[in-house]
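A.B. asks: Once you've looked at the hints, go ahead and assemble the two chains, each given alone in its own frame, into the complex.
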Amino acid sequence: MVAVSTMAEGPSKSAPRAGRRWIDSDEATGLTLISPTLLYALALLFLPVLIVIAYSFWTQDYLTIDRTFTLENYRVALTEPIYRDLLARSLIIALVVSVVTVVFSYPVAWFISFHGGVHKNLWLFLITVPCWTSYLLRVMSWKVVLGYQGVLNTGLMSTGIIDTPVTSLLYNSNAVVITLVHSWAAFAILPIFVSLEKIDRSLIEAAHDLGDNKIMSFLRVTLPLSLPGVISAFLIVMIPTVGDYVTPKLVGGKDGVMIATAIQAQFGKGANWPLGAALSVTTMVIVSAMAGLVVLALKLFVRWIR
Amino acid sequence: MSASVTGAKFSGGRHGIRKSRWLPIYVTVYLGFLYLPILLLPLFSFNNAASTTFPLAGFTTKWYAALWGNSAMLDAARNSLFVGVCVSILSTGLAICAARAITRYPFRGQRAATGLIMAPLFLPEIIVAVSLLMIVLQIGLELSLATVIFGQTVFCLPYAMSVLISGFEGFDQSLEEASMDLGETALGTFRRVTLPVVAPAIVSSLLVSFTISLDEFILAFFLSGTEPTLPVYIWGQLRFAAKLPSVLALGSLMLVLSILLITIAEVLRHRAERRIQGSSFNG
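Read top to bottom, the protein sequences are chains A and B. Going by numbering that gives the first Met the number 0, the first sequence runs without a break in its numbering and finishes at 305. Going by numbering that gives the first Met the number 0, the second sequence runs without a break in its numbering and finishes at 282.
Hints are not guaranteed to be accurate.
[Unchecked claim] Short, incomplete list of chain A residues facing chain B, as computed with Cβ under 8 Å:
(1) P35
(2) T36
(3) L43
(4) Y54
(5) F110
(6) N120
(7) V128
(8) G149
(9) V150
(10) S157
(11) A259
(12) I262
(13) Q263
[Unchecked claim] Chain B regions said to be covered by chain A (calculated; three or more residues, Cβ under 8 Å):
(14) 20–31
(15) 110–120
(16) 131–143
Because the hints were derived from the structure by calculation, they are not lab data. The beta-carbon is built from N, C-alpha and C at its ideal position, and this holds for glycine as well.
Next up, chain B with everything else stripped away, as it sits in the complex (with noise of 0.2 Å):
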């Protein structure tokens, strides 16, 4: 086969790498592929029309205003916020004991444990749903938004993990160390020098559990009780064409929160893994 290279071949293929004209269309292409949909709900809810139809029908903020005078929906967002930062803050303190045990201290049976925890990412929804309904039916408990808050933790735990490790791996032991030597105790280590290095990844652990239960519609559709989350109402709603316009309106604005989260945890993990580069830089 070397035989066949020639000069030619040597200068086409140098970089081996090249750029080609029509992938970053196609890639342009799966981007509008991935965000048209979803930017229609804004679209339509600004929309002065119950119906989803071209062409536009005039702008109006009628659906939105309509959305302040609705009980119902004002008593799910409630329960969505509730469960919200009940969620983030149980799946995020447990995950940070899980993270900093993996990444910290090495144990035997370290995979199994870790693949059972991450284990809901690879199983449909549904199954972890069900088989919760049963042990909550079973024992007697009440469906309520506590059981709701004890199954989307389940849920959230994997995505909690994935973004503490990577916020825990890297950070300098040398430092945890260096404090002890120096008369610092260990809850004033864990205060003074841990958390303010780990603290981007905690806050953005927080911020994407949260947003994952606020979004999260199978485990509470089983789960909840009489009080619906929002995903829960707006199932209810979808039964009613007439309804659509305020759902719109709604699906809205849960996106554009959704989208103000997640943005800020990402940038708050960027700021995370400079501050371990720089802390092992100095240490």
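Just chain A, same shape as in the assembly (with noise of 0.2 Å):
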């Protein structure tokens, strides 16, 4: 690494101050530096996703590929009713979670930038802890907790609660989505956070001096200046929502089965490719859209209120 960045460094400061060419900026010296670390995401990003595109609108044909172009997989994708109702699952329990996750999430922020005090760091740590533990992990701490035999149950038993255990706690799309707001909490709290950090406190001040209640004036201060904030939590929990693989796996039971299932199906035993890059193609737009729409509706509503 240290020889990259000086080999990159060095002819930019040690050339002659005359004859100053394009080859000695700061921009080329910048494109150098990066652009191992740019190839590397070309390679491993972009272009595998562009190959998931190009499948998607080929064929398989048995153990080879079919390379005309066409719509079928599309088709399928849209209107065969298991892949219609699964990415319509998807895309609502996607939509419940992030908006779930940023309501409840938005207050702890809010206390954090406003009354942590010297111990801000301290309090985002406490927040974020939980979020770099293996999530496997913490999906499995849920089976755990909602199982028939589980704490929940148990627990409320051996108390003398219930008598009999609960057996709606698992295996639903309720599950899922506790099981994920637990999960992305610490994802939607940081992008709040810092916006929140952003806003200068006399505008406040201001709004208060000049007769708006507490209310008023986060409505018409806060909530505005935030939006940022509150846009990047909800894009940055929506969207990876949406694909989530373990949680419907381990908790969500059969009402709870959600659109990876379908995709990872055709790459392992459906083995057909070019229809699970439909499906995965077909996710990302639609879940893309409807973060879009969200977005715009975020901002109607404040423009509204304002």
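C.D. replies: Following this line, the structure appears as structure tokens:
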């Protein structure tokens, strides 16, 4: 690493001042420096996604791939009831999870930003620690909590609140939503916190001095100014959530299956890569559109309230 | 509206931001929601019963003792360690280049480049996994720990980048220029001026990347061949109810390790911030 960065800096520093060519400029140095990382991301992120898109227009012909252009995979992805239902459920779960996460996390971000005092960093750290533990283990712990013979049921029974275990806790969409909200909490708090930190406190005082009560000054000053954070929180929760694989598998049961299970099946037993690719692309496009609509709705709401 | 401003209102909301009574309670409940489920794993890993039910059945360490004799688990642990070390070095190395370029040498297309590198944060992991699987099989590579390493590095880059960009930002360039003017070479300047200031951020990035790799499941699940990492091993064990206690014991050890590494990374990050502030004061 040392070698790479100094090699890149070398010529720009030692070059004679006279004929300053582009190759010696900061821009050339910057491009040289970032090129390994950029090439890596192009090769292992951008190119693979292009290949997925290409595959989605091809057809699986037993063991070979027929490379004539077709929209058949998209027809199947959008009209076959099983995929349509899985997609719809995934989108609804992603929407619910992101709304619940953002709404429940906002006050915490607000508390840390406005009342965290000198311990803001400690508070943030406390909130993010659970996020750094294994995602698989966190989902597993919810299975332990919500199971038929789980903590909640046996705990409530031993205290005598209920006589028989509640069966509706695990293996449904609610269990999926609870688990996902738990998983994504910190990802929602951080961007909201950052945008709250940027707000000039005197603006809020000004709103109070001019007669706004707490709620009005929040709606008309704090919320609009923290909107960028709320929007990133939405995106960072909603988009990854739609393709979640582990949570539906472990706590979703039959009623909580989401689209990732169907995508995975096309690359495993189903062995229909083009359909799997089309399902992936469809999911991404629709969730991006939905995210765009949510952002638009938030902006309109804030403009209206002001 | 200003006409309605009265003396009472002034005395009430002068600071505008008053501490409400319910908010600390809410934050406490929220922290409970975050922590309690996770703390159950260690709790039941010491429970002398094969099921996770209350009341507890007494204290035991036999589930931990059983782990040592489990060769499949130890192999998975070795794989995880190897993958984690490689991923943390590779992603931190790549992130150092990128973070340095972004914070020090502005260039056209910087936003697009940063956007691409940070994109895994905003993509469903399964799509990253599936697309990598397709390209690996397409060019005829065998699935192995190497494919896991390459895949997880893509996923770790955004985190390593955020740690390093905040570590490099605010670094006083005049220190480097002074060192060069005083006759130090570019390499010497990097080693004796730049590196000491940014070292905590680099170590922090290594630890963060290692932790993410250690705990990452989806990419490892799709891209590993016959050699599982620890999360993939755990996934395989979850089918067997009888294996649950040993999985809980293993999971608890992983929790402790993750929290430990992240705490060290956080402490280092703070030290890095303070050091950078200090360096620009002197410079």
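A.B. asks: Kindly indicate which numbered hints from before are broken by the structure, ordering the numbers from low to high.
C.D. replies: Hint check: nothing fails, all pass.
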